[in-house]
Amino acid sequence: MKERLVDALRSFFIIVTLINVAMLVLGGALMPDQKFGYEAFAYPLIYGAVTSIPGLFMGSSKELSIPQTIVRDIIQLLLIITALLVIMFGGRPVDRDTVLSAASVTVSVIIVFILVSLIRWILDSKAAEKMTADLEAYQRRS
Amino acid sequence: MDIRIQKIDETGTEYIEIGCYKVDGRVQDIVRFVKSRQGSIDAVKDEQHYQLPITDIFYLEAVDDKTFIYLKKDCYETRGRLYEFESSLSDRDFARISKSVIVNLMKVSAIKPALNGRFMCVLSNGEKVIISRKYVPDIKKKLKGEE
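Line by line, the protein sequences give chains A and B. Taking my numbering, the leading residue of the first sequence gets 796, the next gets one more, and so forth. Taking my numbering, the leading residue of the second sequence gets 16, the next gets one more, and so forth.
These are computed hints drawn from the structure, not numbers from a lab. Keep in mind the model is a prediction, meaning the values are calculated, not measured. Be aware that one or more of the hints could be misleading.
As the list claims (entries may be wrong) - Calculated Cβ distances over 12 Å to all of chain A for the following chain B residues:
no., residue
1, I20
2, T26
3, T28
4, Q53
5, E62
Said to hold, decoys possible - Quick list of the computed label-pair ranges, beta carbon to beta carbon:
no., chain 1, residue 1, chain 2, residue 2, range
6, B, T28, A, K921, 50 to 60 Å
7, B, Q66, A, K925, 36 to 46 Å
8, A, K921, B, K156, 17 to 27 Å
9, B, R96, A, G885, 50 to 60 Å
10, A, Y833, B, R96, 56 to 66 Å
11, A, I917, B, D106, 34 to 44 Å
12, A, I909, B, R94, 29 to 39 Å
13, B, S105, A, P862, 25 to 35 Å
14, B, F48, A, R799, 31 to 41 Å
15, B, P68, A, S920, 55 to 65 Å
16, A, M883, B, K155, 33 to 43 Å
All residues carry an ideal CB built from backbone N, CA and C; glycine is no exception.
With the sequences and hints as input, model every part of the structure.
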């Protein structure tokens with residue numbers, strides 16, 4: 796559980812940063828004249844928290860293979876999209892503007908998710924390179 | 016069971032002698048442990064018994080209640096438990112990399128990322144085994160010689 800918590804925290808901070816960027820881009824494109832109060836600063840934190848929750852409960856007692864992990868991540872992405880759409884658009888009438896906004900949010904979430912995965916992959920690749928170098932040194936010592 | 020240790024002259028051959036009423040599971044465990052310290056592990060394949068040199072082992076895996084030993088091409092079953100091997104092989108070049116796998120670090124040719132903070136050992140025979148997040152800090156320490 797500790798690893799999952801650390802992982803969720805790491806994802807949370809990356810997601811919050813990327814949601815800020817997504818809000819800037821989407822807001823500028825869809826509603827450039829929209830004014831916000833200070834509560835706007837809380838939205839990335841709330842969305843970041845909501846999107847990090849599924850990761851906490853999607854662990855497995857068995858070590859998953861890479862294809863299984865990809866399937867699990869896709870399920871997690873669908874859960875995140877559903878959670879965000881319910882929070883942001885739940886109870887609103889379904890009209891053209893709502894559908895357009897929901898579609899934009901969905902695309903943004905997918906882009907953010909892919910970017911988060913990419914950043915984590917790059918960080919893990921750097922760590923793996925360092926571990927391989929340490930492994931080679933270890934093998935020379937033994 | 017009494018334990019007696021007797022120093023012998025360096026010209027003689029070191030030995031271990033077990034005095035027991037019968038050769039039961041407890042005695043077999045001791046024999047297996049001693050053999051693993053000496054450099055080989057008892058294993059079974061197709062009802063044939065083998066002594067596997069530790070240096071030839073790629074990794075050991077626990078599946079349900081069984082423990083399997085993987086060499087370059089073949090797989091053998093052993094009666095020992097994974098935690099016993101973790102203990103007896105800890106001062107050799109082996110490391111626990113997940114709840115069910117112990118890998119021979121000398122057979123690892125590279126470490127790659129494997130999604131979600133996990134890593135993957137690419138073995139010299141092309142096989143891949145996952146390092147779970149929980150064991151990553153310990154592996155890093157071992158590779159740096161801090162353990």
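message: Hint by hint, where does the structure go against what was stated? Just the numbers, ascending.
response: Going through the list in order, the structure violates hints 12 and 15 and respects the others.
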